[in-house]
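Please model the entire structure based on the sequences and the hints provided.
Next come the chains, spelled out residue by residue.
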Amino acid sequence: MKSGNLRWRYIKQFLFFGLVKLAVALIALALGGILLYLLMQGYSAISWDFLTKPPTDAMTKGGIMPAIIGTFYLMVGSIAVSLPLGVASAVYLSEYSKKSRTLRIIRIGINCLAGVPSIVFGLFGLGLFVVYLKFGSSILAGSLTLGILILPTIIGASEEALKGVPQTFREASLALGVSKWQTIYHIVLPNALPGILTGSILGIGRAAGETAPIMFTAAAFFTARLPASIFDEVMALPYHIYVLATAGTRIEETRPLQYGTALVLIALVLGINFVAILFRSYTRRRKSW
Amino acid sequence: MTGITRTTKEKIIKAFFFIIAATSVIILGLIILSLFREAWPIFRATSMKDFLFGTEWYPTYDPPSFGIWPLIVGSLIVTVCSTLIAVPIGVLSAIYISELAHPRAKEILKPVIELLAGLPSVVLGFFGMVVLAPWLQDTFDLPTGLNIVNASLMLAIMAIPTISSISEDALYSVPREFKEASYALGATKYETIVRVIVPAALSGVSTAVILGMSRAIGETMVVLMVAGGAAAVPESLFDSVRPMPASIAAEMGETPFRSDHYHALFAIAVVLFFLTLAFNLIADYVSHKFREEGSATL
Amino acid sequence: MVKLNEHDGSIISVQDVNFYYGASKALTDINMSFKKNQVTALIGPSGCGKSTLLRLLNRMNDLIDGTRVEGRVYFEGKNIYDPHVDPVDIRRKIGMVFQKPNPFPKSIFNNIIYGPTLSGAGSRSDLSALVEKSLKQSVLWDEVKDILNQSAMRLSGGQQQRLCIARALAMNPDILLMDEPTSALDPISTAKIEELIDELKKDYTIIIVTHNMQQAARVSDETGFFYLGKLIEYNQTAKIFTKPDLKQTEDYITGRFG
Numbered sequence: 001m002k003s004g005n006l007r008w009r010y011i012k013q014f015l016f017f018g019l020v021k022l023a024v025a026l027i028a029l030a031l032g033g034i035l036l037y038l039l040m041q042g043y044s045a046i047s048w049d050f051l052t053k054p055p056t057d058a059m060t061k062g063g064i065m066p067a068i069i070g071t072f073y074l075m076v077g078s079i080a081v082s083l084p085l086g087v088a089s090a091v092y093l094s095e096y097s098k099k100s101r102t103l104r105i106i107r108i109g110i111n112c113l114a115g116v117p118s119i120v121f122g123l124f125g126l127g128l129f130v131v132y133l134k135f136g137s138s139i140l141a142g143s144l145t146l147g148i149l150i151l152p153t154i155i156g157a158s159e160e161a162l163k164g165v166p167q168t169f170r171e172a173s174l175a176l177g178v179s180k181w182q183t184i185y186h187i188v189l190p191n192a193l194p195g196i197l198t199g200s201i202l203g204i205g206r207a208a209g210e211t212a213p214i215m216f217t218a219a220a221f222f223t224a225r226l227p228a229s230i231f232d233e234v235m236a237l238p239y240h241i242y243v244l245a246t247a248g249t250r251i252e253e254t255r256p257l258q259y260g261t262a263l264v265l266i267a268l269v270l271g272i273n274f275v276a277i278l279f280r281s282y283t284r285r286r287k288s289w
Numbered sequence: 001m002t003g004i005t006r007t008t009k010e011k012i013i014k015a016f017f018f019i020i021a022a023t024s025v026i027i028l029g030l031i032i033l034s035l036f037r038e039a040w041p042i043f044r045a046t047s048m049k050d051f052l053f054g055t056e057w058y059p060t061y062d063p064p065s066f067g068i069w070p071l072i073v074g075s076l077i078v079t080v081c082s083t084l085i086a087v088p089i090g091v092l093s094a095i096y097i098s099e100l101a102h103p104r105a106k107e108i109l110k111p112v113i114e115l116l117a118g119l120p121s122v123v124l125g126f127f128g129m130v131v132l133a134p135w136l137q138d139t140f141d142l143p144t145g146l147n148i149v150n151a152s153l154m155l156a157i158m159a160i161p162t163i164s165s166i167s168e169d170a171l172y173s174v175p176r177e178f179k180e181a182s183y184a185l186g187a188t189k190y191e192t193i194v195r196v197i198v199p200a201a202l203s204g205v206s207t208a209v210i211l212g213m214s215r216a217i218g219e220t221m222v223v224l225m226v227a228g229g230a231a232a233v234p235e236s237l238f239d240s241v242r243p244m245p246a247s248i249a250a251e252m253g254e255t256p257f258r259s260d261h262y263h264a265l266f267a268i269a270v271v272l273f274f275l276t277l278a279f280n281l282i283a284d285y286v287s288h289k290f291r292e293e294g295s296a297t298l
Numbered sequence: 001m002v003k004l005n006e007h008d009g010s011i012i013s014v015q016d017v018n019f020y021y022g023a024s025k026a027l028t029d030i031n032m033s034f035k036k037n038q039v040t041a042l043i044g045p046s047g048c049g050k051s052t053l054l055r056l057l058n059r060m061n062d063l064i065d066g067t068r069v070e071g072r073v074y075f076e077g078k079n080i081y082d083p084h085v086d087p088v089d090i091r092r093k094i095g096m097v098f099q100k101p102n103p104f105p106k107s108i109f110n111n112i113i114y115g116p117t118l119s120g121a122g123s124r125s126d127l128s129a130l131v132e133k134s135l136k137q138s139v140l141w142d143e144v145k146d147i148l149n150q151s152a153m154r155l156s157g158g159q160q161q162r163l164c165i166a167r168a169l170a171m172n173p174d175i176l177l178m179d180e181p182t183s184a185l186d187p188i189s190t191a192k193i194e195e196l197i198d199e200l201k202k203d204y205t206i207i208i209v210t211h212n213m214q215q216a217a218r219v220s221d222e223t224g225f226f227y228l229g230k231l232i233e234y235n236q237t238a239k240i241f242t243k244p245d246l247k248q249t250e251d252y253i254t255g256r257f258g
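Chains as they are written, first to last, in my numbering: chain A, 1 to 289; chain B, 1 to 298; chain C, 1 to 258.
Some clues are possibly wrong.
[To be verified] Computed list of lysine-lysine pairs in DSS-like fashion (alpha-carbon distance at most 25 Å, straight line):
(1) K9(B) to K180(A)
(2) K21(A) to K189(B)
(3) K110(B) to K179(B)
None of these hints come from the bench; they were simulated from the model.
The structure is reproduced here in structure tokens:
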């Protein structure tokens, strides 16, 4: 009886492991297939001119340079908004806060902010920055909106980095009669810097790929000239793909441009994430504690 | 010391950081406030009941009708379908990475999954639109390939890396002692996974599932590009739908500022906001409850 | 009845065993037989290989990547490292109690029936009886009989460890391996578990790794002293602790090194 029971248990295990491997194969097939397909289709559209020239002929020819520049401005702007706020919030959460109802409310607030749909951020940005504060559809309004969108990511990564600094470092510093703030500034933050940077890079990658939040706050259908100030509208890669694929003139004919833009965006976002992950594994390996 | 003492200075610094940390809560409040401010006027044109449960969404007709029931149904159906696809695949792949994969394979798989979680949704929407839709249309002989099936598949592909990654973290953090105890009692690997590791990681896995659903219900670009945009309650999985985020994104650009239609779109955003808020609060509750109870009786 | 090994009448015996973690050798040329219904203590300084040997006896070392075993371990007349032998089968018959109490986050009741249910044990009433029997054997019954459906995580450390012993006993193993079972516990709980070991040896063979030499002297019949991955001396406990054969053993016992 015993051996029969055991054989049946192994059959179940065999079937289950088969299922598990099937799931992994499906993911590899689906995501790998999508990436490979887009790579093959987009590859031929990419050229030096495509990357450095503005669109021409009612966006049926030419390049995507203004969209690349615009996305770059939005990336810089959003991290400029979210990094100071995010790191300072994390310092409070990790170094100063005590378990209390207030802390619980702040944590719930951050979690909820992380879950707000991106289109709702877009409407919020429209309502507050574009309309109420009269920034108009602009780099400023778009950066603020995207900055708020990635704020929870930055807070989470920074807090984890701060928590990773050994308590003994703090104690050693405090025992020398150094004040708490000095300890944070000279000991804790420098040691947490790699983790904070990784989180920031991941946040930038997220900001670069978002479409819905900038639709009504920053993105222009078409501008040939580059923005002169933060109150100008810009083109952006994700919005450009959407526009070309759904609202452009002669949608079928401009497919190569669409694939090319998609490929540039994928390369940008995955490239940024890849750098973050590499950087993280590099600093983890170097970490001496 | 000039004027202020060290302790005062420390108190000021602490207060400064507290205020910054509170900005997230303040922003959340501002989001609610600004959504409500712009949404409220729609209820002069229609009642709450007609808005939520009305089955006709004709915002530009004369007279217009603002019933968002078809949009709510559209959102829920693509979320449920994509969850049904994404949860088994996501959780099973997490089990593979956490328990079965060779350590070296794991070192590669884990970051790759993380990388894929960052894939911009507009790219997936684009793929669904130009590749999957024509294929579906030809294969199943449909009037359009932009439908529930397409949107659910693309949403599932988008949610899988998130679900897999968070579940893997939860599975991986199950203490080694539990596994050892199970093996020492003569359990097979399968039994150890299913009866000890997964139950012990259940709160983390459920959190992953809820967050995955919340991401799917709030996702805009995929449903905007591949759900087809028909504002009617669907009768089959091959029908087009117009989920709430798609409606907002498609119509906001073309509606006059502070018209009834404009206010109605903000009201949809309010519904969407509270729906995802509910999901997130449940996720938060689940992960905290289990943590504090030390996962009581499973 | 338990089948004893033919060549020496022991319940489990280790022959010419070498063990490697990657490139580093953790055990060298171990030969050792364990007698039925006796308590054998394995002692020695940290890193001497005593825990490694213990985990080798029910193939728990299989779970660590990059390890390698040479030699043979005979149990019931069979080499448990034979490719045809299933470690799952072995572990059902050779139970283990770990250094840190490791109950599952399940109820007390479900913790105990976990192993038996998986190997196809009978009805609910049988299981209830089994739970009661195991908990009585581990002298925990009186403390928990009214809270069997409560989470095991709420028990104290000492109670958790006795629960883990009960959980292992519920499989009705032939041998019980204990890896420093009291090192994470307070003195009172330790005393209870030592008493328990004395009770249990009537029905089970116990092999215990311990850091605490008084404990080895109190609970065991035989003692093996390990140093740097080698079995230095293996003798009756009374002899080891009064008149060891080797100077090295005496130095360790009397606290001159280690």
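Is the Cα-Cα distance between K9(B) and K180(A) 25 Å or less?
Holds, at roughly 10 Å.
Given hint K179(B) paired with K110(B) - CA-CA distance at most 25 Å
holds (21 Å)
Hey, K21(A) versus K189(B), does the alpha-carbon distance stay inside 25 Å?
Holds, because 15 Å separates the two Cα atoms, which is no more than 25 Å.
When each numbered hint is compared with the structure, no violation occurs for any of them.
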